[in-house]
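Q: 1 is the number of the first residue of the sequence shown in the numbering used here; add one for each residue after it.
Watch out, some of these pointers could steer you wrong.
In silico SDA-like links for lysine to any residue, alpha-carbon gap of 20 Å or less [stated by the list, open to error]:
1) LYS15 x GLU61
2) LYS21 x VAL70
3) LYS138 x MET90
4) LYS55 x ALA102
5) LYS15 x ASN65
6) LYS15 x TYR47
7) LYS77 x GLU61
8) LYS131 x ALA110
9) LYS138 x ASP28
10) LYS55 x GLN26
11) LYS45 x VAL18
12) LYS45 x MET5
13) LYS15 x ASP44
14) LYS77 x LYS131
15) LYS55 x LEU37
16) LYS131 x GLN119
17) LYS131 x GLU61
18) LYS131 x HIS12
19) LYS131 x PRO75
20) LYS21 x GLY53
21) LYS138 x ASP10
22) LYS131 x PRO81
23) LYS15 x GLN91
24) LYS131 x MET90
25) LYS77 x GLY53
26) LYS131 x GLN91
27) LYS77 x ALA66
These are calculated hints, taken from the structure and not from any lab test. Just so we're clear, the structure is a prediction, and the values are computed from it rather than from any experiment.
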Amino acid sequence: GHKRMYRIIDFHRTKDGVVAKVDSVQYDPHRSARIALLHYQDGDKRYVIATDGLKAGQMIENGPNAAPVVGNCMPMKNIPPGTEICCIEMQPGRGAMMCRSAGTSAVLMAREGDWAQLQLPSGEVRRVPNKCRATIGKVSNPDHDAIIIGKAGRNRWKGRRPHVRGTAMNP
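Please work from the sequences and hints to get the whole structure.
A: This is the structure in structure tokens:
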């Protein structure tokens, strides 16, 4: 397949209280979603998974004091119930693990004690700790499943070799 450069994605989003400007939303060959390059005000640059509707020039923020707007990452105890969220941690500090694929999102259904209830894209209702972080919004590139490959050569560019069913071969 075609050579690919790996972009390191910040799944932890722990840079709290520092406002970041979205420099650009880019294609990433290693995932179905688009990625956004963030320029933090302290000079740091990081890639994150872009949410649907994120535009270049937009300002986003991480942390418990951030507003619940698209692109911001915050602990679930600070997110209003009924909000669509993505890039969800399963254990505090471990980084985003759920809802990272193109067009996916979960809904924060309720909070009870130290737990938050999420409805995942599969319909499963799951409990995760309130301290876990999530990004507000839906992952970008929702039309990913509508892509038509069109020819075998396009799969070869991706590094996928053809496979032949054994029953289709001459015995």
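Q: Can the restraint linking LYS15 and GLU61 be considered satisfied, given a maximum Cα separation of 20 Å?
A: holds, 8 Å
Q: Is the Cα-Cα distance between LYS15 and ASN65 20 Å or less?
A: This hinted pair holds, its Cα atoms lying about 12 Å apart.
Q: LYS138 and ASP28: Cα distance at most 20 Å?
A: Cα-Cα ~17 Å, so holds.
Q: For a C-alpha distance cap of 20 Å, please report whether LYS45 and MET5 respect it.
A: Holds. LYS45 to MET5 sits at ~17 Å (cutoff 20 Å).
Q: Below or equal to 20 Å on CA atoms is what counts here, so check LYS77 against GLY53.
A: violated, 24 Å
Q: Quickly compare the C-alpha distance for LYS131 and PRO81 to 20 Å and report which way the hint goes.
A: holds, 15 Å
Q: Holds or violated: are the alpha carbons of LYS15 and ASP44 at most 20 Å from each other?
A: It holds: about 10 Å lies between the C-alpha atoms, which stays within 20 Å.
Q: Given the hint that LYS131 pairs with PRO75, test it: the Cα-Cα distance must not exceed 20 Å.
A: Measuring from Cα to Cα gives roughly 5 Å; hence the hint holds.
Q: If you draw a straight line from the CA of LYS77 to the CA of LYS131, is it 20 Å or shorter?
A: holds, 6 Å
Q: Against the 20 Å threshold, does the CA-CA distance of LYS131 and GLU61 hold or violate the hint?
A: Given pair LYS131, GLU61 holds - Cα atoms ~17 Å apart, limit 20 Å.
Q: Below or equal to 20 Å on CA atoms is what counts here, so check LYS131 against GLN91.
A: holds, 8 Å
Q: If you draw a straight line from the CA of LYS131 to the CA of ALA110, is it 20 Å or shorter?
A: holds, 14 Å
Comparing the model with each numbered hint stated earlier shows that hint 25 is the single one that does not hold.
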